[in-house]
Amino acid sequence: MISEVGYQHKNPEIESLLLLKGVLAEKESQDVASQHGHAVVVSAAEWFTSIPSTLSPAFAPVADSDTLRIAIMQLIKTRFSNLILVAIDQISEDKPLPSFGVDIMIASEFRSWLWTVLRIDIPFLDIMSTKTSLAVLAELVKGKL
Numbered sequence: 001m002i003s004e005v006g007y008q009h010k011n012p013e014i015e016s017l018l019l020l021k022g023v024l025a026e027k028e029s030q031d032v033a034s035q036h037g038h039a040v041v042v043s044a045a046e047w048f049t050s051i052p053s054t055l056s057p058a059f060a061p062v063a064d065s066d067t068l069r070i071a072i073m074q075l076i077k078t079r080f081s082n083l084i085l086v087a088i089d090q091i092s093e094d095k096p097l098p099s100f101g102v103d104i105m106i107a108s109e110f111r112s113w114l115w116t117v118l119r120i121d122i123p124f125l126d127i128m129s130t131k132t133s134l135a136v137l138a139e140l141v142k143g144k145l
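Counted the way UniProt numbering counts, the sequence shown spans residues 1 to 145.
Misleading hints may appear alongside valid ones.
[Unchecked claim] Listed below are the simulated DSS-like cross-link pairs for lysine-lysine, each with C-alpha atoms no more than 25 angstroms apart in a straight line:
#: 1; residue 1: K10; residue 2: K77
#: 2; residue 1: K95; residue 2: K142
#: 3; residue 1: K142; residue 2: K77
#: 4; residue 1: K95; residue 2: K131
#: 5; residue 1: K77; residue 2: K95
#: 6; residue 1: K131; residue 2: K144
#: 7; residue 1: K144; residue 2: K95
#: 8; residue 1: K142; residue 2: K131
#: 9; residue 1: K131; residue 2: K77
Simulated from the structure, these hints should not be mistaken for laboratory data. Predicted, not measured: the structure shown is a model, and the values here were computed from it.
Required output: the full structure, derived from the provided sequences and hints.
What follows is the structure, given as structure tokens:
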């Protein structure tokens, strides 16, 4: 969707509703650049070439990470932070997930995200376990990639 033009531009409340639903707008200048073949080249770390190409879009935001484990941790920590509505810097990687108040709904949403984005099936009870932290989860994900 292009912002700054048309109906959406004339009705800012529509843009607000779309943002709440997770629809992100692209500026007209960005759209024109993509039509003319301008592209951004990503300088990726060595580990980036070893992941399946179907996962490249998911890992693109963290492609500059030094290791695959760090990249995985950044992805899952960001998603977890959004789910529990706590700032990333306040989340300890070694703290058990239930101690953050993870309930069935949050665990279900997190598990669904892991499958949808990373194509990794983590058992529901593993996420709810008091022995599972983000560090443990990152190792599980790395092992299944």
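These are the hints, each one checked on the structure:
1. K10 <-> K77: The hint is violated at about 37 angstroms.
2. K95 <-> K142: Holds, at roughly 19 angstroms.
3. K142 <-> K77: Within the cut-off at roughly 14 angstroms; holds.
4. K95 <-> K131: Roughly 9 angstroms between the alpha carbons, so the hint for K95 and K131 holds.
5. K77 <-> K95: Given pair K77, K95 holds - Cα atoms ~12 angstroms apart, limit 25 angstroms.
6. K131 <-> K144: holds, 19 angstroms
7. K144 <-> K95: holds, 22 angstroms
8. K142 <-> K131: holds, 18 angstroms
9. K131 <-> K77: holds, 17 angstroms
In summary, the structure is inconsistent with hint 1 from the numbered list given earlier, while agreeing with all the others.
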